[in-house]
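Engineer: The primary structure of each chain is shown beneath.
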Amino acid sequence: MRKTLLALAAGLLLAGSVSAASAADKLKVGFIYLGPIGDLGWTYQHDLARQALVKELGDKIETTYLENVPEGPDAERAIEQLVRAGNKLIFTTSFGYMDPTLKVAKKYPNVHFEHSTGYKRDKNMSTYSAKWYQGRYIQGLIAAKMSKSGVLGYIGSFPIPEVVSGINATILAAQTINPNIKVKIIWANTWFDPGKEADAAKALIDQGADVIMQHTDSPAAMQIASERGKLAFGQDSEMIKFGPKTQLTSILDTWAPYYIARVKAELDGTWKSEDTWGGLDSHMFAMAPYTNMPDDVKKMAEDAQAAITAGKLHPFKCPVIGQDGKPVECKGGDHLDDGQILGMNFYVKGIDDKLPGK
Amino acid sequence: MELIEAIILAVLAASTPLLIAATGELVTERSGVLNLGVEGMMIVGAACGFAGAWLTGSIFIGALFGIVAGTLMSLVFALMTLGLAVNQVATGLALTILGIGLSGLIGAGFVGERITPAVHLHIPGLTDIPLIGRVLFGEDAFVYFSLALIVGVWWFLYRTRPGLILRACGDNHVSAHALGYPVLRIRTFAVMFGGACAGLAGAYLPLAYTPFFIPGMTAGRGWIALALVVFSSWRPGRLVVGAYLFGAVTILQLHAQGWGVGVPSQLMSALPYLATVIVLVLLSRARTGGSTAPAALGTVFVPDR
Numbered sequence: 001m002r003k004t005l006l007a008l009a010a011g012l013l014l015a016g017s018v019s020a021a022s023a024a025d026k027l028k029v030g031f032i033y034l035g036p037i038g039d040l041g042w043t044y045q046h047d048l049a050r051q052a053l054v055k056e057l058g059d060k061i062e063t064t065y066l067e068n069v070p071e072g073p074d075a076e077r078a079i080e081q082l083v084r085a086g087n088k089l090i091f092t093t094s095f096g097y098m099d100p101t102l103k104v105a106k107k108y109p110n111v112h113f114e115h116s117t118g119y120k121r122d123k124n125m126s127t128y129s130a131k132w133y134q135g136r137y138i139q140g141l142i143a144a145k146m147s148k149s150g151v152l153g154y155i156g157s158f159p160i161p162e163v164v165s166g167i168n169a170t171i172l173a174a175q176t177i178n179p180n181i182k183v184k185i186i187w188a189n190t191w192f193d194p195g196k197e198a199d200a201a202k203a204l205i206d207q208g209a210d211v212i213m214q215h216t217d218s219p220a221a222m223q224i225a226s227e228r229g230k231l232a233f234g235q236d237s238e239m240i241k242f243g244p245k246t247q248l249t250s251i252l253d254t255w256a257p258y259y260i261a262r263v264k265a266e267l268d269g270t271w272k273s274e275d276t277w278g279g280l281d282s283h284m285f286a287m288a289p290y291t292n293m294p295d296d297v298k299k300m301a302e303d304a305q306a307a308i309t310a311g312k313l314h315p316f317k318c319p320v321i322g323q324d325g326k327p328v329e330c331k332g333g334d335h336l337d338d339g340q341i342l343g344m345n346f347y348v349k350g351i352d353d354k355l356p357g358k
Numbered sequence: 001m002e003l004i005e006a007i008i009l010a011v012l013a014a015s016t017p018l019l020i021a022a023t024g025e026l027v028t029e030r031s032g033v034l035n036l037g038v039e040g041m042m043i044v045g046a047a048c049g050f051a052g053a054w055l056t057g058s059i060f061i062g063a064l065f066g067i068v069a070g071t072l073m074s075l076v077f078a079l080m081t082l083g084l085a086v087n088q089v090a091t092g093l094a095l096t097i098l099g100i101g102l103s104g105l106i107g108a109g110f111v112g113e114r115i116t117p118a119v120h121l122h123i124p125g126l127t128d129i130p131l132i133g134r135v136l137f138g139e140d141a142f143v144y145f146s147l148a149l150i151v152g153v154w155w156f157l158y159r160t161r162p163g164l165i166l167r168a169c170g171d172n173h174v175s176a177h178a179l180g181y182p183v184l185r186i187r188t189f190a191v192m193f194g195g196a197c198a199g200l201a202g203a204y205l206p207l208a209y210t211p212f213f214i215p216g217m218t219a220g221r222g223w224i225a226l227a228l229v230v231f232s233s234w235r236p237g238r239l240v241v242g243a244y245l246f247g248a249v250t251i252l253q254l255h256a257q258g259w260g261v262g263v264p265s266q267l268m269s270a271l272p273y274l275a276t277v278i279v280l281v282l283l284s285r286a287r288t289g290g291s292t293a294p295a296a297l298g299t300v301f302v303p304d305r
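If you read the protein sequences in the order shown, they are chains E and W. Residues in the first sequence are numbered from 1 upward in steps of one, following the working numbering. Residues in the second sequence are numbered from 1 upward in steps of one, following the working numbering.
Just so you know, the hints here were simulated from the structure itself, not pulled from any lab data. Accuracy of the hints is not assured; some may be wrong.
[Stated by the list, open to error] Listed next, the in silico EDC-like pairs over lysine to aspartate or glutamate satisfying Cα-Cα at most 20 Å (straight line):
#1 Lys241(E) with Glu113(W)
#2 Lys245(E) with Glu113(W)
#3 Lys55(E) with Glu266(E)
#4 Lys145(E) with Asp295(E)
#5 Lys107(E) with Glu71(E)
#6 Lys317(E) with Asp338(E)
[To be verified] Every beta carbon over 12 Å from chain W, so not counted as near; a handful from chain E, in silico:
#7 Thr64
#8 Glu71
#9 Tyr108
#10 Pro109
#11 Asn189
#12 Gln207
#13 Trp277
#14 Ala310
Don't be surprised by glycine CBs; every beta carbon is placed ideally from N, CA and C.
Model the full structure from these sequences, guided by the hints.
Structural biologist: What follows is the structure, encoded as structure tokens:
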């Protein structure tokens, strides 16, 4: 009996692994996902892009994905599994896959890799990310207009530059509307824990915040804000279903144009290692419709979006004043340069909190 | 005043799933079985609970779905560890992995749907009393049930003969067997009770806490429930204290961050765990000799005939 069960278990394991198969002339494209495709956030958006890719180039390519792949040594095995299954272009869609991807890339020089949100590259490994802080700036403008209490609530995941630059962009924008705006920041120290995100949203609202913004992945905060009759911004994906009268807008990760372009390059044989950090102008992300706000606020948001897209407005326009009251060195001419934003580890003036680890 | 009330309400909501799951595991472990699959049973309970509520529109039926799902999961565990005498630790871990996968499969069709969460009690007059009104008379049914459950378990374990027999199985299964008690049958019921509680605790999350289902939404609460059982040194009274202490520190650290206390948030997030460890050390120091763990906990029992 026990032997039968073991055999059965082994069989299930095999069935669960990648199924290499069929049409050898099609280009095989692989994806490594951090969460389940049903997370309604980060991974969900990556998979939407994969589906768009299949729709566009389905007759020339074949896609495979592995979901719930933990960051770390396990990822290396998963990536290698995709290589062995014959995938020639592999997208690894989370920051923590950086070193595993690089390791596998060195081992298989004939396979091309695309790593999301990292900074290490190789001749067969590209990186790609989006300038979400541009979207955060627009959200900051809206939040300051819509807040009655003058207190914004911000749920952070981890104090890494991507999140910190988002907080700074938000507050810099909000200050142009209301110089005395306050922001309360709670770090959840997780990307995904609906219960904890809900608790954080409750705490922020109980402490007087009336517009909730988040850099964690579940719609829990949106749902709590909706329950309490407050306003909120979504994250990664469209969350209006969880707050039809609550969501102001949401930063939508739209990877499809990039994925299609890269796969086309691979098909043409023109693929080469690049670093892509695109903003609103290159459609790396989009803003969900501006809802639950008066027309003048909506117009302001749309104007700001147009100005940022056209390159006329930069969220980190100099001078940017740090918490110590001194202006931050301006390396990009009239605004902070990309390196300063990618490595941002300070709060701007007007945030009464201390950045963890500083 | 309002803030204090709000904090207490949040603490109760955060602690309830931990308390329910830990209560079930306490009974399981008191019978001598270590089921590490609480997280897996919880997440399946969450998926089935949401499915039940979404399909029927009833929170009560959703909760029943959660209970049944948790029980079925625990029966798989019972079949393996009690029927086939497989290692309990390995089976429990496997149950968690199975549960996470299974819940994703069951819940796949429900992702993105939302339901109306469980209603909160409202007694005109009583619920409106400042500070204590909503805390005592304005909770959802799960909160009251969790407290009734732990009192019931205490009464069963210490005031009834079946409770005494169950504890006997956990402390010395050979003697219990020699006295003619059906050790494996008793343990099966204890495991099923643990599964039912874990399923209900999991169902609490999408039915009352955050009224939607997302794969992985239990986010490690099953493991915390397991730790709470050890923390309580297998006693129901201490379990209540432990669950609320853990919930309180979790919520208070969020508020402390909002107030800008200036302590690193990483340390704040670790506080509930640190507090648990410290209390555990203090308890074990204060105790007068001997381990309080059920003596036969986690050991395999095969009746000789």
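Engineer: Each hint should be assessed against the structure and marked as holding or not.
Structural biologist: Okay, the hints, checked on the actual structure:
1. Lys241(E) with Glu113(W): holds (8 Å)
2. Lys245(E) with Glu113(W): holds (16 Å)
3. Lys55(E) with Glu266(E): holds (17 Å)
4. Lys145(E) with Asp295(E): Cα-Cα ~12 Å, so holds.
5. Lys107(E) with Glu71(E): holds (19 Å)
6. Lys317(E) with Asp338(E): holds (12 Å)
7. Thr64: With a cut-off of 12 Å, Thr64(E) remains clear of chain W, as the shortest Cβ separation is near 18 Å.
8. Glu71: Holds, since 15 Å exceeds 12 Å.
9. Tyr108: Check passes; 29 Å lies beyond 12 Å.
10. Pro109: Holds: least Cβ distance 35 Å, greater than 12 Å.
11. Asn189: violated (4 Å)
12. Gln207: The claim is violated: Gln207(E) sits with its nearest Cβ about 5 Å from chain W, within 12 Å.
13. Trp277: holds (27 Å)
14. Ala310: It holds; Ala310(E) is separated from chain W by about 34 Å at its closest Cβ, greater than 12 Å.
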